[in-house]
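Protein chains: 2
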Amino acid sequence: MSENKIPYKIYLSEEEMPTAWYNVRADMKNKPAPLLNPGTLEPMKAEELEGVFCSELVKQELNNDDRYIEIPQTIRDFYKMYRPSPLVRAYCLEEKLGTPAKIYYKFEGNNTSGSHKLNSAIAQAYYAKQQGLSGVTTETGAGQWGTALSMACAYLGLDCKVYMVKCSYEQKPFRREVMRTYGADVTPSPSNTTNVGRAILEQFPGTTGSLGCAISEAVEAAVSSGGKYRYVLGSVLSQVLLHQSVIGLETKTALDKYGITPDIIIGCAGGGSNLGGLISPFMGEKLRGEKDYRFIAVEPASCPSLTRGKFAYDFCDTGKVCPLAKMYTLGSGFIPSANHAGGLRYHGMSSILSQLYHDGYMEAVSVEQTSVFEAAEMFARIEGILPAPESSHAIRVAIDEALKCKETGEEKTIVFGLTGTGYFDMVAYEKFNNGEMVDYIPTDEELEKSFAQMPKVDK
Amino acid sequence: MSENKIPYKIYLSEEEMPTAWYNVRADMKNKPAPLLNPGTLEPMKAEELEGVFCSELVKQELNNDDRYIEIPQTIRDFYKMYRPSPLVRAYCLEEKLGTPAKIYYKFEGNNTSGSHKLNSAIAQAYYAKQQGLSGVTTETGAGQWGTALSMACAYLGLDCKVYMVKCSYEQKPFRREVMRTYGADVTPSPSNTTNVGRAILEQFPGTTGSLGCAISEAVEAAVSSGGKYRYVLGSVLSQVLLHQSVIGLETKTALDKYGITPDIIIGCAGGGSNLGGLISPFMGEKLRGEKDYRFIAVEPASCPSLTRGKFAYDFCDTGKVCPLAKMYTLGSGFIPSANHAGGLRYHGMSSILSQLYHDGYMEAVSVEQTSVFEAAEMFARIEGILPAPESSHAIRVAIDEALKCKETGEEKTIVFGLTGTGYFDMVAYEKFNNGEMVDYIPTDEELEKSFAQMPKVDK
Chain A
-14 MSENKIPYKI YLSEEEMPTA WYNVRADMKN KPAPLLNPGT LEPMKAEELE
36 GVFCSELVKQ ELNNDDRYIE IPQTIRDFYK MYRPSPLVRA YCLEEKLGTP
86 AKIYYKFEGN NTSGSHKLNS AIAQAYYAKQ QGLSGVTTET GAGQWGTALS
136 MACAYLGLDC KVYMVKCSYE QKPFRREVMR TYGADVTPSP SNTTNVGRAI
186 LEQFPGTTGS LGCAISEAVE AAVSSGGKYR YVLGSVLSQV LLHQSVIGLE
236 TKTALDKYGI TPDIIIGCAG GGSNLGGLIS PFMGEKLRGE KDYRFIAVEP
286 ASCPSLTRGK FAYDFCDTGK VCPLAKMYTL GSGFIPSANH AGGLRYHGMS
336 SILSQLYHDG YMEAVSVEQT SVFEAAEMFA RIEGILPAPE SSHAIRVAID
386 EALKCKETGE EKTIVFGLTG TGYFDMVAYE KFNNGEMVDY IPTDEELEKS
436 FAQMPKVDK
Chain B
-14 MSENKIPYKI YLSEEEMPTA WYNVRADMKN KPAPLLNPGT LEPMKAEELE
36 GVFCSELVKQ ELNNDDRYIE IPQTIRDFYK MYRPSPLVRA YCLEEKLGTP
86 AKIYYKFEGN NTSGSHKLNS AIAQAYYAKQ QGLSGVTTET GAGQWGTALS
136 MACAYLGLDC KVYMVKCSYE QKPFRREVMR TYGADVTPSP SNTTNVGRAI
186 LEQFPGTTGS LGCAISEAVE AAVSSGGKYR YVLGSVLSQV LLHQSVIGLE
236 TKTALDKYGI TPDIIIGCAG GGSNLGGLIS PFMGEKLRGE KDYRFIAVEP
286 ASCPSLTRGK FAYDFCDTGK VCPLAKMYTL GSGFIPSANH AGGLRYHGMS
336 SILSQLYHDG YMEAVSVEQT SVFEAAEMFA RIEGILPAPE SSHAIRVAID
386 EALKCKETGE EKTIVFGLTG TGYFDMVAYE KFNNGEMVDY IPTDEELEKS
436 FAQMPKVDK
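Top line first, the protein sequences correspond to chains A and B. Going by our numbering, the residue at position 138 of the first sequence is 123; the numbering climbs one at a time, nothing skipped. Going by our numbering, the residue at position 459 of the second sequence is 444; the numbering climbs one at a time, nothing skipped.
One should not assume that every hint holds.
Same chains, same names: a pair is fine if it fits in one copy or spans any two.
Derived DSS-like pairs: lysine-lysine, alpha-carbon spacing no greater than 30 Å straight-line [as the list claims (entries may be wrong)]:
(1) Lys65 to Lys(-6)
(2) Lys(-10) to Lys416
(3) Lys16 to Lys391
(4) Lys114 to Lys44
(5) Lys295 to Lys65
(6) Lys271 to Lys44
(7) Lys65 to Lys305
(8) Lys44 to Lys397
(9) Lys441 to Lys114
(10) Lys(-10) to Lys242
(11) Lys213 to Lys444
(12) Lys14 to Lys444
(13) Lys242 to Lys389
(14) Lys65 to Lys444
(15) Lys397 to Lys305
Derived by calculation from the structure, the hints in this document are not laboratory data.
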């Protein structure tokens, strides 16, 4: 094992780190559909979006053409504090599984936010600072995005207001303290601090919240700040996939350095930030007809937007204050069961990934949470990293694909995204350790009921 | 900043990783005093120690002569999963402080145990496995050692019984779940499961425990296992400093690669595992008269063994079942105030470090916990890593030394050990965030009372 020429961990040097983000939209024949104004149902113009988002980020959001966008030096310097992230060869896991497959994972958890979210947080905070704003507002689910944004804001000296999905706020008390240590202001959502929060609480008393609710509250807080704040979002948006392309670019450089071509690339998918970032440069090659890869999006069976959702225009948030996006969605009113402990709770999906999936460039599977935690425990014990529940969706499918190779004898090369660590998810692990975790799959009736609430847009 | 030739993070390649541990005792003129049998007060022989420790580890414990001891291939392979750890240039901290000093830290927190403890855990578990044992017993304070040992045991397929200091068990509920995820059996100490635990509970009902108590329980559990288990210890012992020399060896190789010679090397000191490991190869040069360095041990003002303790033979544990060691000690009955939240709660200190300190090769300072958490918060916001409270003792003094350089204009090179992350210490951070943290310094009377309980050994 140790004689192998490929090291356990491939680290790029600073010189090998990307200097520009890759914009996969430039290579898509069918571009993602534009965001629509929720009032007029017409495509949002830059000036409309600038009430919510920073101006430079609006440009990036609307930029379907430039293949590369330069990473500003301040962001590149910040990246150097916690990047490059290692591309790890899972020798121990391969041996344990007895598979001829070669398994690699790009590990994004070696920073205090515990995930890849920091890659976009620093970019969004940077542009807010450049624009002279006082601060930013956002929502957070598992808490990784909120932590990442708190870190970025502390570094740049910006205020950070975080609306945290209530069930996470309660399940992850220590996440709040990490964000507070970085100086953030954290409110459980739905809350009484916004109109939309009060309305949701009235309609659904006792709700444990959803990302969709929290987004609505954070947007309202920004829009009603008199221009001092803008809203930032950790996933779903095309600008986020752009920033997250740093994951895929580093992965590709590392693989190229050793002459490795992956057969399958796997990522968990909630809003699509990690998966989109990881696959972007590889997808670019596939779109340009240069190479072929299998891409697999893995989502929870309890929140199956790609595998059971509709490809249609829908609201990005529960409160219906945000623009509409064309995406695979379960309906903006969909809230996964409170039993669900694996993250990836968003009702929709990145428009870019939705379009790519719709056009047949990508596969998707859904997995149940007990099998996800079984994979997580196995991975922790063998590879020594306690994974985030979100990331463990990708681990589950990577293991399944490696076991298929064991049956067929194929020596496939599998790359998956290990988005982060589970250190703040121990309530979920405790449930699993105690044998108290149950699975949950929404019924067709539940989904139909949710679909019926979606806006009817003929585009 | 970014034009500088030294990268933010120096990672060694696998080929540059150490293949042998360095044994600083080989270069000490005054060797650390031998362990004594608590009954006879005679030096412990190998065969006596083998009832408690694995045979190979006993050899390492008693080996004052061999300068290098080869690292077995299995351990080297395991090291490759989470090592080499980065040596980080703290560019951002330097800029914020406005100091001409150059600050580096060796960051050991990028693994699930969250600390350097894994370096010795895998070694000790490996030798237990080699000897055909069923498992190991141990104590843990902050939980880092217990987690590290659980990880090592899961990897090698050994049972792991952990006695966890009760105040940590209560302050860090999620640590228990991490250990359970790795298959460990965790008991709060003092407990009713051992004779010594029952005796301590009777004498001090409601005690929050101490490392000393937990050690006694773990030793009893091993000794009364009919030979199936041995006891392993995460600090204090000379074998642990040997294994931890991997930290210093990597640091030295990384510095040498860039032609950097440190002026000051700083580490936090509880039992001495990290500090001893970090400084060992540099201390070797100093002992051999090849180079000079300033070494600074940093300990909490609430548990000041080097700065206010006695250099004398004392029990390593509260229950007085372990051998006696000659060391700086506050008395084996000393238990820091329950207010103390910064770790490093051990009453004694590595015999190696004690001897070196006694012989004038090393300095020591003590710091109060509110100033430690101020440094921790500052570091988190600037360098992006939320540090363990233990590690933050070293950060505090590194910052203080860098600020002295700002006054004098000296361009000193400061290296400190960042032993780990504080993700499981959020109860302590919460106390600090809420302004509820208080300092505590034992009075001379308290220490005299504790010293009076120490054994009288004329050696």
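So, going through the hints one by one against the coordinates:
| no. | hint | verdict |
| --- | --- | --- |
| 1 | Lys65 to Lys(-6) | both (17 Å within a copy, 8 Å between copies) |
| 2 | Lys(-10) to Lys416 | neither (41 Å within a copy, 49 Å between copies) |
| 3 | Lys16 to Lys391 | neither (38 Å within a copy, 55 Å between copies) |
| 4 | Lys114 to Lys44 | within (16 Å within a copy, 59 Å between copies) |
| 5 | Lys295 to Lys65 | neither (40 Å within a copy, 45 Å between copies) |
| 6 | Lys271 to Lys44 | within (26 Å within a copy, 59 Å between copies) |
| 7 | Lys65 to Lys305 | neither (38 Å within a copy, 49 Å between copies) |
| 8 | Lys44 to Lys397 | neither (40 Å within a copy, 46 Å between copies) |
| 9 | Lys441 to Lys114 | neither (38 Å within a copy, 65 Å between copies) |
| 10 | Lys(-10) to Lys242 | both (12 Å within a copy, 22 Å between copies) |
| 11 | Lys213 to Lys444 | neither (35 Å within a copy, 71 Å between copies) |
| 12 | Lys14 to Lys444 | within (18 Å within a copy, 83 Å between copies) |
| 13 | Lys242 to Lys389 | within (28 Å within a copy, 44 Å between copies) |
| 14 | Lys65 to Lys444 | neither (43 Å within a copy, 53 Å between copies) |
| 15 | Lys397 to Lys305 | neither (44 Å within a copy, 58 Å between copies) |
In this structure, the hints that do not hold are numbers 2, 3, 5, 7, 8, 9, 11, 14, 15, in rising order.
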